[in-house]
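Enquirer: Kindly produce the complete structure, drawing on both the sequences and the hints.
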Amino acid sequence: MNNFVRSSVCGEKLNDNVDIATSVDGTTTQYSFSNGVLPSLGARSNRRNALRKFIISPFDPRYRIWEMFLVLLVFYTAWASPFEFGFLKKPSIKGLAIADNIVNGFFAIDIILTFFVAYLDPKTYLPVDNRKDISWRYIRTWFVFDTVSTIPSELVLKILPDNVQAYGLFNMLRLWRLRRASKMFSRLEKDRNVNYFFMRSCKLVCVTLFAVHSSACFYYLLADNYPDPKKTWIALSMENFESEDLWLRYVVSMYWSITTLTTVGYGDLHPVNIREMIYDIFYMLFNLGLTAYLIGNMTNLVVHRTSRTRDFRDKLQAASSFAQRNKLPLRLQDQMIGHLCLKYRADSEGLQQQEVLESLPKAIKSSISHYLFYSLLDKVYLFREVSNDLLFQLVSEMKAEYYPPKEDVILQNEAPTDLYVLVHGAMELIVTKNGVPEVIKEVKVGDICGEIGVLCYRPQLFTVRTKKLCQLLRLNRTALLSLVQANVGDGAIIMSNLLEHLKPQDDPLMQSVVADIEKMIAQGQTDLPLGLCFAAARGDESLLKLWLSRGSKPNERGIKDRTALHIAVANGNESCVAILLANGADPNIIDSEGHVPLWDLIMGKHSESLIKLLVDHGATLASGDVPQYACYAVEQDDLKLLQDIVRYGGDVTLPNSNGTTPLHAAVTRENTSIVKFLLEQGAEVDKFDANGLSPRNLADFRGNEEVKVLFDSTNPASLQSNEMLPDKKDGSSFLKKYSSTGTIDVTLVPSPHDISHDHKPPRGRANVFENSLFGVMSAATRGETSAGVNSYTTSKMMVNQPTRVILRCQGTSLDPKLVRLPKTIQELLDMGSMKFGCYCTKVVSAQGAEIDEIEPIRDGDQLSLVCEGKNVSQS
49 MNNFVRSSVC GEKLNDNVDI ATSVDGTTTQ YSFSNGVLPS LGARSNRRNA
99 LRKFIISPFD PRYRIWEMFL VLLVFYTAWA SPFEFGFLKK PSIKGLAIAD
149 NIVNGFFAID IILTFFVAYL DPKTYLPVDN RKDISWRYIR TWFVFDTVST
199 IPSELVLKIL PDNVQAYGLF NMLRLWRLRR ASKMFSRLEK DRNVNYFFMR
249 SCKLVCVTLF AVHSSACFYY LLADNYPDPK KTWIALSMEN FESEDLWLRY
299 VVSMYWSITT LTTVGYGDLH PVNIREMIYD IFYMLFNLGL TAYLIGNMTN
349 LVVHRTSRTR DFRDKLQAAS SFAQRNKLPL RLQDQMIGHL CLKYRADSEG
399 LQQQEVLESL PKAIKSSISH YLFYSLLDKV YLFREVSNDL LFQLVSEMKA
449 EYYPPKEDVI LQNEAPTDLY VLVHGAMELI VTKNGVPEVI KEVKVGDICG
499 EIGVLCYRPQ LFTVRTKKLC QLLRLNRTAL LSLVQANVGD GAIIMSNLLE
549 HLKPQDDPLM QSVVADIEKM IAQGQTDLPL GLCFAAARGD ESLLKLWLSR
599 GSKPNERGIK DRTALHIAVA NGNESCVAIL LANGADPNII DSEGHVPLWD
649 LIMGKHSESL IKLLVDHGAT LASGDVPQYA CYAVEQDDLK LLQDIVRYGG
699 DVTLPNSNGT TPLHAAVTRE NTSIVKFLLE QGAEVDKFDA NGLSPRNLAD
749 FRGNEEVKVL FDSTNPASLQ SNEMLPDKKD GSSFLKKYSS TGTIDVTLVP
799 SPHDISHDHK PPRGRANVFE NSLFGVMSAA TRGETSAGVN SYTTSKMMVN
849 QPTRVILRCQ GTSLDPKLVR LPKTIQELLD MGSMKFGCYC TKVVSAQGAE
899 IDEIEPIRDG DQLSLVCEGK NVSQS
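Its first residue numbered 49, the sequence shown is counted upward by one per residue in the numbering used here.
It should be emphasised that the hints constitute simulated quantities derived from the structure, not laboratory data. Built from N, CA and C at the ideal position, the CB exists for glycine as well. Incorrect hints may have been included.
As the list claims (entries may be wrong) - Quick list of in silico lysine to aspartate or glutamate cross-link-like pairs, DMTMM-like style, CA-CA up to 20 Å: (1) K735 <-> E718; (2) K137 <-> D276; (3) K865 <-> D878; (4) K391 <-> D362; (5) K101 <-> D158; (6) K551 <-> D564; (7) K481 <-> D555; (8) K890 <-> E901; (9) K890 <-> D878; (10) K138 <-> E202; (11) K515 <-> E486; (12) K279 <-> E292; (13) K516 <-> E449; (14) K492 <-> E455; (15) K180 <-> D158; (16) K481 <-> D554; (17) K871 <-> D907; (18) K447 <-> E406; (19) K883 <-> D734; (20) K391 <-> D359; (21) K593 <-> E622; (22) K391 <-> E449; (23) K871 <-> D909; (24) K735 <-> D878; (25) K137 <-> E292; (26) K567 <-> E548; (27) K516 <-> D495; (28) K410 <-> D437; (29) K138 <-> D272; (30) K551 <-> E566; (31) K653 <-> D692; (32) K454 <-> D495; (33) K871 <-> E903; (34) K653 <-> D686; (35) K890 <-> D863.
Stated by the list, open to error - Listed next, with one range per pair, are the computed distances between beta-carbon atoms: (36) K231 <-> F164: 16 to 22 Å; (37) K278 <-> G143: 31 to 37 Å; (38) Y422 <-> I159: 55 to 61 Å; (39) I199 <-> F117: 19 to 25 Å; (40) T526 <-> F117: 56 to 62 Å.
Expert: Written out as structure tokens, the structure is:
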């Protein structure tokens, strides 16, 4: 079926047996469109880019042009063969004989070409390019007929006896070529680039002319071969007709054939002898069938063109009668007539958008809807920040509809079944008070209406009426809820967006709606799956307890993997934090940015009692991204924040993923007090980052004597020369960068609540399915409990921990070193050269296998370094 769709999209001409589709690179693909054998299930693809040498593809454009040229010659054959059969006993007309031989020559060339043209195997649906198979297939089928029809008439006259009238009879065999014309018409009728009515009419005209011409020639043959020429139909008007001009006789014969076909009457031309009467009987019976065929086809073509207008008029008349019989108001009558007129206009102009989409496979339909409407739906306030998955599914479920001006889309107080997004046009919201309609708001492109009734399952608050021609996207309430049920986080986001949109409005009606919604949420009566993150964000203790009592997991994740505990801590809500911790929430769970709840609490500068509550339950900063926290504190010149990091378990000497330590940042900012504090915590002054720079290098370059004195007095035994490291990269260019910018290039992530709404990251997929229907079923299948969340958290914490390996120097008695694994093998060799004082050339595993990539190395591996020679200073 995909083949048919692809060929239809490409717009190639269709054949009765085969269709083609041309790819970008010019290669062709064949698709069956016949009533014959379809490809079997499991058959391989029919795409074949190259055939054997000297084999012609039947879908080659040049071969298609050749076939079209032969069809033109078939039209000549269709006229010449009956004419020669009826009016000529030998090739007396030289021009006609020459033309016959030229046409026969072209068809002889085609016979030769056919032995080199591939064909489709009806069983495997693959092109066969084996020359023996092609030849044997052609010889078994049409070879004999094609060969006989190309033999010159002059040769036939010499072979057969003189008393046999073989000239005209032999020429009739060439009508075998008419099958080519039949295939051409079938192909053109299916070509969407050719008008079907025109092509069908041409076919009917050709069939009629061929029937009239053939009958005229055969009827003249009866008169010409009758023993008594005067007792024939043509002798009634021409006594010596054999001596008359040939073309005059042909015209008279055509006149008789046409008058007989049209049943107008013969006049003075009518059958005279028994042969003519018998022939006329069969010819008029044939005319009955031909006339019925012609009238039926023409009637079908005409009715097809006018049936849509007739149906429209019938529906219009039925609607008017219904409205008058039931005495409907004029406004409703106008809406009925307007809707029917718009539907007729859409059908007549080919705008059956939804009908076309429904006829396509789901994947194609979803892709089209995504292309047309995703960008619009992405801007609707109700779906702001929901996951890409949900938004894509919502677009696929929406139906595009047209509404004429002054038509009601939603009625006030009707049941909430659908919500609508305006794509084009304008609408207005109307409230009826004391029987008087009042317009309260205009709906513009990209606005949504009907969402309050759908989400809260209450009667619609407004009447929505179009102001002009509108295109709307309609989403069914059942489809919306079924999609949102699979994702807890998105349901909470949708409800939050609704409340944020309604709260700022001063309308008393909206305020009462907000109060009703909040009451429903507090009682757990909403149909949307609202999770713990939603309750924590609102600070609703009762709702939080309600969801926990219903079995929600306390470590449910929301946007950026943030849990309800993250949100409650960031908001400083001690009661919600206590509830979550009492129900097993992990105090050290980290989000996608490496934040733990304690870090959010410290950044928010909340009360000491809340910090104590977390610490008493085992909260520590050590499980988070401590290097990131420390670098952020140094960048802010916040010594107190740095002390708090150490106070709550953070190691401020650890480097980040680039090898940059907080001491690097402190030296760059020339903050002596922070440098001193970091040195007191054990920070290494000769720790190299990814650019080959240490804090001492930075201090020397910047000429900060105070910092250099601190380095010398604090850690004099650690002084090492850079000359110890062979092939070490020159860090002068990086020093210039640090000097010009005045800061270390580190990744600093502030607290999430410091990010403004305008600078939020792009929409992503929220990993929030633990408490959804899908998540519960999946957990039950795997046998997971709430401990599964803790194991997930532990594994995520382990992923964020740096990989540590044990290094040994082969052939020496030096003690092994426990180091963090760098990003490349060369950095690992440089590190070994610094640690052991040797020029290291290779890294081997404990089993002696050489390692040339960093990826196979895992945490805790024991590695050996192969060194060429020991450094003199080290020995």
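Enquirer: Can the restraint linking K138 and D272 be considered satisfied, given a maximum Cα separation of 20 Å?
Expert: Holds, because 14 Å separates the two Cα atoms, which is no more than 20 Å.
Enquirer: Tell me if the straight-line CA distance from K567 to E548 falls inside 20 Å.
Expert: holds (16 Å)
Enquirer: Check whether the Cα positions of K391 and E449 lie no farther apart than 20 Å.
Expert: Roughly 10 Å separates the two Cα atoms, so the pair holds.
Enquirer: For the pair we were handed, K551 and E566, check the Cα-Cα distance against 20 Å.
Expert: holds (11 Å)
Enquirer: Please test the hint of 31 to 37 Å on the beta carbon pair from K278 and G143.
Expert: Check passed, 32 Å falls within 31 to 37 Å.
Enquirer: Is K516 close enough to D495, meaning Cα to Cα at most 20 Å?
Expert: Distance of about 16 Å is within 20 Å: holds.
Enquirer: So if I understand the rule, the pair passes when the alpha-carbon distance is 20 Å or less; does K447 with E406 pass?
Expert: holds (10 Å)
Enquirer: Taking 20 Å as the top limit, are the C-alpha atoms of K101 and D158 close enough?
Expert: holds (19 Å)
Enquirer: Hey, K279 versus E292, does the alpha-carbon distance stay inside 20 Å?
Expert: holds (17 Å)
Enquirer: Quick one, are K890 and D863 close enough, alpha carbons at most 20 Å?
Expert: holds (18 Å)
Enquirer: Would the pair K180 and D158 pass a check requiring their Cα atoms to be no farther apart than 20 Å?
Expert: Given pair K180, D158 holds - Cα atoms ~18 Å apart, limit 20 Å.
Enquirer: Against the 20 Å threshold, does the CA-CA distance of K890 and D878 hold or violate the hint?
Expert: holds (11 Å)
Going through the hint list in order, the structure satisfies each hint without exception.
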